[in-house]
Amino acid sequence: MPSSISHSDAHKAEIRGVREGALPAGLRQTAANRPGQAQPVPTRDIPLRPWVKMGLSVLMAVTLLTGAWEWNARANIGLRAGDIDDSPQAWAEQRRLADTAPVVIIGDSRILFDTDLARFQQLTGIRPIQTAIVGTNARALLESYANDPNFHGLLIVGLADLSYFRPAGVGVGGPYLKNVEKNGKPSQLSGLWLDRFLQRYLAFMDAEYRLSRMVPRIDHGWRKGVDSPYEDVWKISETFDNRQYFMWGRIETDAYLRGHARHAWNLFKGPPLPAFIARNVVARSAEAVRRIRARGGEVIFIRPPSAPELRAVEDKRLPRAKGWDLLVSGTHSQGIHADDLPQAQRLVIPEWSHLSHKCATVFTDAYVRRLVHLTPRLKLRADAPPPLSRADCVPQNIASL
Amino acid sequence: MIFNSLTFLVFFAIVMALHYAPFFSWHQKKINLMIASYLFYAAWNPPFVILLWVSTVVDWWAAQWMVRAKRERTRKLWMLTSVVVNLGMLGYFKYGGFLLNNFVAIAGSLGVIYHPPGWDIVLPVGISFYTFATLSYTLDVYLRRSKPAGHFLDYALFVTFFPHLVAGPIMRPTELVPQFEVPRRATANQIFFGLALLTLGLFQKVVLADGFLAPVVEAVYDAPGKMPGMLDAWVATLAFAGQIFCDFAGYSTSAIGVALCLGFAMPDNFRFPYGAVGFSDFWRRWHITLSSWLRDYLYIPLGGNRHGQARTYAALMGTMLLGGLWHGANWTFVVWGGLHGLYLSVERWLKARFKGVTPGRLAVLGLALLTFILVNVTWVFFRAKTFAGAGVVLTGMAGMQAKPVALIAFGPMIIAMTIVSAIFGTHLAMRNTTLEAVIERTPSVAIAGIWTMLLFAVIVEQGQGSAFIYFAF
Numbered sequence: 001m002p003s004s005i006s007h008s009d010a011h012k013a014e015i016r017g018v019r020e021g022a023l024p025a026g027l028r029q030t031a032a033n034r035p036g037q038a039q040p041v042p043t044r045d046i047p048l049r050p051w052v053k054m055g056l057s058v059l060m061a062v063t064l065l066t067g068a069w070e071w072n073a074r075a076n077i078g079l080r081a082g083d084i085d086d087s088p089q090a091w092a093e094q095r096r097l098a099d100t101a102p103v104v105i106i107g108d109s110r111i112l113f114d115t116d117l118a119r120f121q122q123l124t125g126i127r128p129i130q131t132a133i134v135g136t137n138a139r140a141l142l143e144s145y146a147n148d149p150n151f152h153g154l155l156i157v158g159l160a161d162l163s164y165f166r167p168a169g170v171g172v173g174g175p176y177l178k179n180v181e182k183n184g185k186p187s188q189l190s191g192l193w194l195d196r197f198l199q200r201y202l203a204f205m206d207a208e209y210r211l212s213r214m215v216p217r218i219d220h221g222w223r224k225g226v227d228s229p230y231e232d233v234w235k236i237s238e239t240f241d242n243r244q245y246f247m248w249g250r251i252e253t254d255a256y257l258r259g260h261a262r263h264a265w266n267l268f269k270g271p272p273l274p275a276f277i278a279r280n281v282v283a284r285s286a287e288a289v290r291r292i293r294a295r296g297g298e299v300i301f302i303r304p305p306s307a308p309e310l311r312a313v314e315d316k317r318l319p320r321a322k323g324w325d326l327l328v329s330g331t332h333s334q335g336i337h338a339d340d341l342p343q344a345q346r347l348v349i350p351e352w353s354h355l356s357h358k359c360a361t362v363f364t365d366a367y368v369r370r371l372v373h374l375t376p377r378l379k380l381r382a383d384a385p386p387p388l389s390r391a392d393c394v395p396q397n398i399a400s401l
Numbered sequence: 001m002i003f004n005s006l007t008f009l010v011f012f013a014i015v016m017a018l019h020y021a022p023f024f025s026w027h028q029k030k031i032n033l034m035i036a037s038y039l040f041y042a043a044w045n046p047p048f049v050i051l052l053w054v055s056t057v058v059d060w061w062a063a064q065w066m067v068r069a070k071r072e073r074t075r076k077l078w079m080l081t082s083v084v085v086n087l088g089m090l091g092y093f094k095y096g097g098f099l100l101n102n103f104v105a106i107a108g109s110l111g112v113i114y115h116p117p118g119w120d121i122v123l124p125v126g127i128s129f130y131t132f133a134t135l136s137y138t139l140d141v142y143l144r145r146s147k148p149a150g151h152f153l154d155y156a157l158f159v160t161f162f163p164h165l166v167a168g169p170i171m172r173p174t175e176l177v178p179q180f181e182v183p184r185r186a187t188a189n190q191i192f193f194g195l196a197l198l199t200l201g202l203f204q205k206v207v208l209a210d211g212f213l214a215p216v217v218e219a220v221y222d223a224p225g226k227m228p229g230m231l232d233a234w235v236a237t238l239a240f241a242g243q244i245f246c247d248f249a250g251y252s253t254s255a256i257g258v259a260l261c262l263g264f265a266m267p268d269n270f271r272f273p274y275g276a277v278g279f280s281d282f283w284r285r286w287h288i289t290l291s292s293w294l295r296d297y298l299y300i301p302l303g304g305n306r307h308g309q310a311r312t313y314a315a316l317m318g319t320m321l322l323g324g325l326w327h328g329a330n331w332t333f334v335v336w337g338g339l340h341g342l343y344l345s346v347e348r349w350l351k352a353r354f355k356g357v358t359p360g361r362l363a364v365l366g367l368a369l370l371t372f373i374l375v376n377v378t379w380v381f382f383r384a385k386t387f388a389g390a391g392v393v394l395t396g397m398a399g400m401q402a403k404p405v406a407l408i409a410f411g412p413m414i415i416a417m418t419i420v421s422a423i424f425g426t427h428l429a430m431r432n433t434t435l436e437a438v439i440e441r442t443p444s445v446a447i448a449g450i451w452t453m454l455l456f457a458v459i460v461e462q463g464q465g466s467a468f469i470y471f472a473f
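Going line by line, the protein sequences match chains F and Y. When the letters of the first sequence are read in order and numbered with our numbering, they come out as residues 1 to 401. When the letters of the second sequence are read in order and numbered with our numbering, they come out as residues 1 to 473.
If we strip away everything but chain Y, and leave its shape as in the complex, we get:
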């Protein structure tokens, strides 16, 4: 089930009715939420609910046995059990075909011809997200950052809680489990603000990402054999920058709004990322819950910045390369992560080299623009399905296409660039504030007017119920 579907609206209305029904105890309400979350997930593919159960039960018991263990080796064994089971499932479903294809290619390059049967495995929706969420539970317990949850129901609900289940924000148990321990009841103000956030998220996804930006992106990226010129290649890539932001931030905003309506707080996942000045700033603003997860459970254990320059750069690159692979079983994603790793490394070196230099306002603006442009270069590898496809677009962006053809009509081009400019401008203007603070300074009539137009646009656009891009990750 996806937020931008009629099914979800009906589902959500029922969940709200049950959640605020006076005759259920808090314990029963939590059971209701868990059943609803399983239904939410099963709506895609019922058998995959088993994976959720496996993940839930294994990690629950791994943490329980970890705290009861007397010896450090036993604790480590339970931690490794959790890691192997979770990453094993992720590896089998997400990376099995990728590994097999690479094995065949390597064998072929060595003269061994091997034709395995096709790897016809369906990727369970959101497996990358809930795998990371449950892993953080056992890892936090192992690292002695937190104690295990007190009740199985609270933990099981943390894993399955439908607002964050399939596309994040990737929540840590310490963020959500305590919220299940006491009855939660949103005030009317919270519910309506939650609905406003849901509207904003749906507008970003249905109207901007799917309606106006995706067709411009597809005109170039899904046009095999056609060579885009500089204008088309840049417009399509900029449009994709807007699309991926509106798609993913739209999901996160919707998820936060939905949770708020139920009385729960979820963390920010985006902080106006295209207003970032530099790449470390970008990663503090883009998919925050993933970047912080990678930092806490990969970068720091790899040594972080505690073992000298060389080790720091190696940890940075390793983290970003694996972060790229997390997004998809394709070498293009690895290159995407690698480019970000490279950017971060260069930025780190420059900061050390020019320590003490404080850029002026104009320089900050220039650096923000440079960051945005370089991020766009990485999006080419994120969006293109193959290196050949990425090469075609990059050649176009560099203005080196021998015989470029026009691919994007002028009208859609203008609309897409207006949207992307508005996104970039908004992010720059709001980089040091929050949406809530801006809303609080804006007259109620203006807020209501904007809310009306967003909701009306969502209704008129209708949407095709297309899945969020990050569901595939």
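Looking at chain F on its own, in the form it has when it is part of the complex:
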């Protein structure tokens, strides 16, 4: 009986296991060559090359190339260290905090970009937990909180009407919701922390400027009938701690990137939404709101602004009376529509859908001051800073935007 596990073979095993010099192909056999027997210690041959010298050269060359790439990211692309990518793991981290938080925000990218969490805290003493997700139906998030028996805080639901009233589908946030538990496992958490640590020092580590994102963008619509990667939404935001999103500065200053972002939205074109879909959405929302209130929670809806160019299309597909108004009345909820906030009029919306960084602070200031009148759960601090206005964020050369 062959015994490859015996002590006597151990020495041979070491010799056989790894050897210097490449074996001729026919001599390096695999288990495929040895049917029906105990497999011996495999052979790994090391090609006769100066591996140490080559390895050190590679290390030097890669360090130089990476340094050059980092310089290019900062100098030419306009990326900066400290802009940390959002991720399903980062979202799951906030989601876990949300259970015991007094105020939580959900929604799509508009409330995500348009809320300045620090301003919110300056005004109320409470820093809300941000769990809105880009490209995601806020209704799905609302229902997930309704299904969470631990949540009983104030839920701020920010929405873009056409996203909230879409007939089906969660959108980008689907995997976020599905994998909350998995994304809290040790391997995911450690990855998140290390990634964040590196991104505080390295600008090039931006998901939107990965090799496989950039290269396919050479395709400027070469094939009819297919959206080319060039048409995708490129980087439009920066993300900081606790998922604080803001509009990326270059969208405000670079006409080409701004134009591309506007083009990517394609004005949210589409057919008008049938009334039965709106009624169905409102009914489901009402049920979710009812369940949250039954546990002692509260829900308030917010509709951030969009630029007139986009708003015209949005209103055509789903007028305010048939969407927003129906939702607020149908769920017996309080709501804050950007139209109704005097301080939120004619703010800067560079790519027509999300506010500029500074105007996000102004909008937050405006809606929080209204919010404190709608719910006893929030109070304006005695030492709250004075109100902001459009003048605090609209640049002189607004015409160019």
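What the hints contain is simulated information worked out from the structure, not anything from laboratory work. Do not take every clue at face value.
Claimed, not checked - FRET-style restraints, in silico, Cβ to Cβ: (1) Ser444(Y) with Lys178(F): 44 to 54 Å; (2) Pro443(Y) with Asn76(F): 33 to 43 Å; (3) Ala312(F) with Phe103(Y): 50 to 60 Å; (4) Ala429(Y) with Leu23(F): 12 to 22 Å; (5) Asp339(F) with Tyr114(Y): 52 to 62 Å; (6) Leu65(F) with Pro47(Y): 41 to 51 Å; (7) Gly270(F) with Phe387(Y): 54 to 64 Å; (8) Asn76(F) with Asn32(Y): 37 to 47 Å; (9) Asp315(F) with Pro47(Y): 25 to 35 Å; (10) Lys178(F) with Val84(Y): 25 to 35 Å; (11) Asn76(F) with Phe152(Y): 54 to 64 Å; (12) Met214(F) with Ala107(Y): 46 to 56 Å; (13) Ala388(Y) with Arg284(F): 22 to 32 Å; (14) Ala446(Y) with Arg127(F): 53 to 63 Å.
Stated by the list, open to error - Heads up, simulated DSS-like pairs for lysine-lysine below, C-alpha to C-alpha not over 25 Å straight-line: (15) Lys224(F) with Lys403(Y); (16) Lys403(Y) with Lys385(Y); (17) Lys269(F) with Lys224(F); (18) Lys269(F) with Lys226(Y); (19) Lys224(F) with Lys226(Y); (20) Lys147(Y) with Lys76(Y); (21) Lys235(F) with Lys269(F); (22) Lys385(Y) with Lys178(F); (23) Lys182(F) with Lys76(Y).
Idealized CB from N, CA, C, for every residue including glycine.
Chain Y: place on chain F using the hints.
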């Protein structure tokens, strides 16, 4: 923890430091490796470490009692204990929901309406791999192919050794346990070559599989309700052929490199499989450690080719059908295995029919291309989540879609096809050699240049830390 994660890089640096620290004895280093391996596994889901312990302890004692048994029946009983415990755990976690769903469907077809509670069981990562690895231990002892390991620590480390733990190569105890018995210390050359292999594996996974090929595959396979035409269906399927190879071979290459850095030798798991001429050749090159496991512990015990033609074909089909099921609890995987079984059977029949015919070089090339195309047809069932989905893609590939729509942009299509062509061409060119032999013939400057570009591409691509496809198996 996965190789293409920042966590692994830190983990690996610590493991290397401990492994080469001068103040630890070899015994202590093995304990360090085992603790590290448990941490590696627990990083996914700590409670599942218990499954590893159960598997380790049961098989250790089953083998011990097997050699002490005086009667053949007792030996068999201990072997069966090991098989039942291991396959029981695998069956419960991996196939429980599948069996329940099929039971409900069969009951429904007989008019019995049954609504069981949802089977909400999380699949432990790599359970199929370590179950097969530990089973080979008791089976080898039972079949008297080898003796039990001399020390529990060596055996426990064989089960948990992190480079092969979750996605193979599926190692046999006879391949690894002897390596633990004497101190292992890689030379500087071995460590740097190991790092080069790790770079190659990560490049395959992070840049090629995840970065450039997966989006092309998803554009067709994850587009419900959209009917691909011939071009899109073939491009997506070919891209998947590239993706699954780069994903899985990338993992194996990384695992081999990591083990080499620690001074251990792991077996080849892939030998340029798309350069195969015929399907028996393909299975000697694709996932070698699984195909040889199935051959040694399933095909041969089922009779192999020792009991006439009919029994041989039956053993072949049975092995491939179960091999398909090993990949996933879904009938699509069974069909995938069945197709390969069919291909192997037809090839066997043709070889017998045309015995003595030696194809020329052009014919060999044509047969390699035919093999590659037919393998691609099987990948449809491997990738599609349902038969309906597979039907949509196959109809597209056959050019029979009534109203096909374009789904893949031209740029990504060109990039994906360039990568797949390069893979196919490389496999054809290298089918009779090894990577090591080619490297040895190539100037050092060229090797260093290629290594630099691969590593730089991995860094620039960054990766999203997505799991390897085979982790789900």
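To see whether the hints hold, each was checked on the structure:
1. Ser444(Y) with Lys178(F): 44 to 54 Å: For Lys178(F) against Ser444(Y), whose Cβ atoms are near 48 Å apart, the range 44 to 54 Å holds.
2. Pro443(Y) with Asn76(F): 33 to 43 Å: Since the Cβ atoms of Pro443(Y) and Asn76(F) sit about 34 Å apart, the hinted range of 33 to 43 Å holds.
3. Ala312(F) with Phe103(Y): 50 to 60 Å: At 56 Å between Cβs, range holds.
4. Ala429(Y) with Leu23(F): 12 to 22 Å: 19 Å, holds
5. Asp339(F) with Tyr114(Y): 52 to 62 Å: Check passed, 54 Å falls within 52 to 62 Å.
6. Leu65(F) with Pro47(Y): 41 to 51 Å: Once the Cβ atoms are compared, 43 Å apart, the range 41 to 51 Å for Pro47(Y) and Leu65(F) holds.
7. Gly270(F) with Phe387(Y): 54 to 64 Å: 33 Å, violated
8. Asn76(F) with Asn32(Y): 37 to 47 Å: 46 Å Cβ-Cβ, so the 37 to 47 Å window holds.
9. Asp315(F) with Pro47(Y): 25 to 35 Å: 53 Å, violated
10. Lys178(F) with Val84(Y): 25 to 35 Å: 34 Å Cβ-Cβ, so the 25 to 35 Å window holds.
11. Asn76(F) with Phe152(Y): 54 to 64 Å: 59 Å, holds
12. Met214(F) with Ala107(Y): 46 to 56 Å: Once the Cβ atoms are compared, 53 Å apart, the range 46 to 56 Å for Ala107(Y) and Met214(F) holds.
13. Ala388(Y) with Arg284(F): 22 to 32 Å: For Arg284(F) against Ala388(Y), whose Cβ atoms are near 28 Å apart, the range 22 to 32 Å holds.
14. Ala446(Y) with Arg127(F): 53 to 63 Å: 55 Å, holds
15. Lys224(F) with Lys403(Y): 15 Å, holds
16. Lys403(Y) with Lys385(Y): Status holds; Cα separation ~22 Å.
17. Lys269(F) with Lys224(F): 19 Å, holds
18. Lys269(F) with Lys226(Y): Judged against 25 Å, a Cα distance of about 20 Å means the pair holds.
19. Lys224(F) with Lys226(Y): 16 Å, holds
20. Lys147(Y) with Lys76(Y): 16 Å, holds
21. Lys235(F) with Lys269(F): Judged against 25 Å, a Cα distance of about 21 Å means the pair holds.
22. Lys385(Y) with Lys178(F): 18 Å, holds
23. Lys182(F) with Lys76(Y): 40 Å, violated
Figure legend: structure checked against the earlier numbered hints; hints not met, in rising order: 7, 9 and 23.
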